[in-house]
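*Asks:* Next come the chains, spelled out residue by residue.
There are 2 protein chains.
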Amino acid sequence: MNPAEPQSDTPGAPGGGAAPVFVLVAPQLGENIGACARVMGNFAIPELRIVAPRDGWPNPAAETMAAGSGVLANAQVFDTLEAAVADCHRIYATTGTPRHMVKPVVTARAAMGEIRASLRDGQRAAIMFGAEKSGHSNEEIARARAVITLPVDPDFTSLNLAMACGVLAYEWRAGDGVPDGWKPMEGPATQGELDGLYAHLQDELDRAGFFYPPEKTPLMMQNLINIFARGGLSQQEVRTLRGAIKALTIGRGKARVVRTD
Amino acid sequence: MNPAEPQSDTPGAPGGGAAPVFVLVAPQLGENIGACARVMGNFAIPELRIVAPRDGWPNPAAETMAAGSGVLANAQVFDTLEAAVADCHRIYATTGTPRHMVKPVVTARAAMGEIRASLRDGQRAAIMFGAEKSGHSNEEIARARAVITLPVDPDFTSLNLAMACGVLAYEWRAGDGVPDGWKPMEGPATQGELDGLYAHLQDELDRAGFFYPPEKTPLMMQNLINIFARGGLSQQEVRTLRGAIKALTIGRGKARVVRTD
Numbered sequence: 001m002n003p004a005e006p007q008s009d010t011p012g013a014p015g016g017g018a019a020p021v022f023v024l025v026a027p028q029l030g031e032n033i034g035a036c037a038r039v040m041g042n043f044a045i046p047e048l049r050i051v052a053p054r055d056g057w058p059n060p061a062a063e064t065m066a067a068g069s070g071v072l073a074n075a076q077v078f079d080t081l082e083a084a085v086a087d088c089h090r091i092y093a094t095t096g097t098p099r100h101m102v103k104p105v106v107t108a109r110a111a112m113g114e115i116r117a118s119l120r121d122g123q124r125a126a127i128m129f130g131a132e133k134s135g136h137s138n139e140e141i142a143r144a145r146a147v148i149t150l151p152v153d154p155d156f157t158s159l160n161l162a163m164a165c166g167v168l169a170y171e172w173r174a175g176d177g178v179p180d181g182w183k184p185m186e187g188p189a190t191q192g193e194l195d196g197l198y199a200h201l202q203d204e205l206d207r208a209g210f211f212y213p214p215e216k217t218p219l220m221m222q223n224l225i226n227i228f229a230r231g232g233l234s235q236q237e238v239r240t241l242r243g244a245i246k247a248l249t250i251g252r253g254k255a256r257v258v259r260t261d
Numbered sequence: 001m002n003p004a005e006p007q008s009d010t011p012g013a014p015g016g017g018a019a020p021v022f023v024l025v026a027p028q029l030g031e032n033i034g035a036c037a038r039v040m041g042n043f044a045i046p047e048l049r050i051v052a053p054r055d056g057w058p059n060p061a062a063e064t065m066a067a068g069s070g071v072l073a074n075a076q077v078f079d080t081l082e083a084a085v086a087d088c089h090r091i092y093a094t095t096g097t098p099r100h101m102v103k104p105v106v107t108a109r110a111a112m113g114e115i116r117a118s119l120r121d122g123q124r125a126a127i128m129f130g131a132e133k134s135g136h137s138n139e140e141i142a143r144a145r146a147v148i149t150l151p152v153d154p155d156f157t158s159l160n161l162a163m164a165c166g167v168l169a170y171e172w173r174a175g176d177g178v179p180d181g182w183k184p185m186e187g188p189a190t191q192g193e194l195d196g197l198y199a200h201l202q203d204e205l206d207r208a209g210f211f212y213p214p215e216k217t218p219l220m221m222q223n224l225i226n227i228f229a230r231g232g233l234s235q236q237e238v239r240t241l242r243g244a245i246k247a248l249t250i251g252r253g254k255a256r257v258v259r260t261d
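Taken in order, these protein sequences are the chains called A and B. Under my numbering, the first residue of the first sequence is numbered 1, with each subsequent residue one higher. Under my numbering, the first residue of the second sequence is numbered 1, with each subsequent residue one higher.
Isolated chain A (complex conformation) (with noise of 0.2 Å):
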């Protein structure tokens, strides 16, 4: 077992107080101790502390569950909770089930909101997650500034204990938006390039006599031109919807539509 040692506080680093703490109070299962481990990894929440694990420590279930999360390699093990949460300033506990204690209760947006004005006053802030089934004792609630609960449906309430964790992890970096990487919009077409576009489909319909009576070609192509400014065509998309007219009109004679309206 690891004494709660000194954290370093270079941001996003194992210990360095940019994230909460995860604390693991008396969990049975390495398989949810491995599956915390790597949600926690996967919204990049380094520091996982264990407390009295059930079947000891190392657990190889809670290392297949990792799928190779860093944050299992780091994790500290610790005897007690009063151990594990010595070095902190503001720790929460979970619950799905009310205590009628006095004790504030928020949500777990609302408790990352309070978290992160914390860590900006260079305080450690952590989250404990009581034992699967019986959940956290009211000792252990009791010594929480706050209690976050989550908005489950009354009737079901028994969340597993690594799906808390990642709703948490989740929560914590919510606020981050789309990640960086992610440039799905590449290429916009200009206006210059779609009214080039609708000019071309505007004089391939003329020719095949689409818009009749011919004093309505001005709301028919209102209506045409709506459909494709709603998309936010690409540049790629652009020329891909000017071959497709291209290739619609290849060979073709000037042939009137055949209404039967």
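Simulated from the structure, these hints should not be mistaken for lab results. Possibly wrong hints are sitting among the right ones.
One copy or two, either will do: identical chains are not told apart, so a pair holds if it fits within one copy or between any two.
[Unchecked claim] No more than 20 Å apart at the CA atoms, straight line, and that leaves these computed lysine to any residue pairs for SDA-like: (1) Lys133 <-> Glu31; (2) Lys103 <-> Leu194; (3) Lys216 <-> Leu205; (4) Lys103 <-> Gln191; (5) Lys246 <-> Tyr198; (6) Lys133 <-> Leu29.
Place chain B on chain A using the hints.
*Replies:* Okay, now just chain B, sitting in the frame of chain A:
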């Protein structure tokens, strides 16, 4: 395999259109399907659709992991994705890897806002989840209105399938705040009760000669009051504290505190 049947529009009922449909596309492990059903039940998302599960259906491993979630019993199984989403007006794909496709990329939170608006308009929305390991094919993503991504660590993006469902299920409910039934601050004390405590404390401290020099009394009392005022004391806690003060003073004489400073 069940066809996509018309769904009831009763809010909250399975298939009621009061929540997005979750669609698992070609899931491999029954354990993951069951864990998805469990967490959907936790967050009251009733409708699970499963496309071509690798190990057939029903799957005992799914039932074990669902932990009694009614979502699993009501799950519908389809041969193709097309059949599974045929009645949906708005579908989202989920992926942790940028595909450089011309497709809006949104956060889970933004997607849930869009879905809420479309449900109010009587539309049905679906969120698709790709298979373990491979995730969505580009063909699957192409038919989505937008891609939902999560703020994962770019070096460790591989979220467990059920965990991805769990995070999205949580986000669907996250705007709901603290659930009903939590009354943690039951019986907060009135200001009169608090003032009674403060007066009791001041009186006993005064008897003990705590306020020295006497002109510092107001400031010292202000500091003490501030400690208790922050705590948001309940009526019972006020009674407990007054009992503690009384206990500390029973049988004592009028002693003067000896100060060494």
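*Asks:* Determine for every hint whether it applies to the structure shown.
*Replies:* Evaluated hints:
1. Taking the shortest Cα distances, lysine 133 and glutamate 31 sit within 20 Å of each other both inside one copy (15 Å) and across copies (19 Å).
2. Taking the shortest Cα distances, lysine 103 and leucine 194 sit within 20 Å of each other only across copies (18 Å), while inside one copy they are farther apart (59 Å).
3. Taking CA atoms no more than 20 Å apart as the test, lysine 216 paired with leucine 205 passes inside one copy only; the shortest distance there is 13 Å, against 92 Å between copies.
4. Taking identical chains as interchangeable, the C-alpha atoms of lysine 103 and glutamine 191 lie at most 20 Å apart only when they sit on different chains, with a minimum of 19 Å there against 57 Å within one chain.
5. In the homo-oligomer, the alpha carbons of lysine 246 and tyrosine 198 lie at most 20 Å apart inside one protomer (13 Å), although the nearest pairing across protomers, at 87 Å, exceeds that limit.
6. In the homo-oligomer, the alpha carbons of lysine 133 and leucine 29 lie at most 20 Å apart inside one protomer (11 Å), although the nearest pairing across protomers, at 24 Å, exceeds that limit.
In terms of the numbered hints stated before, the structure departs from none.
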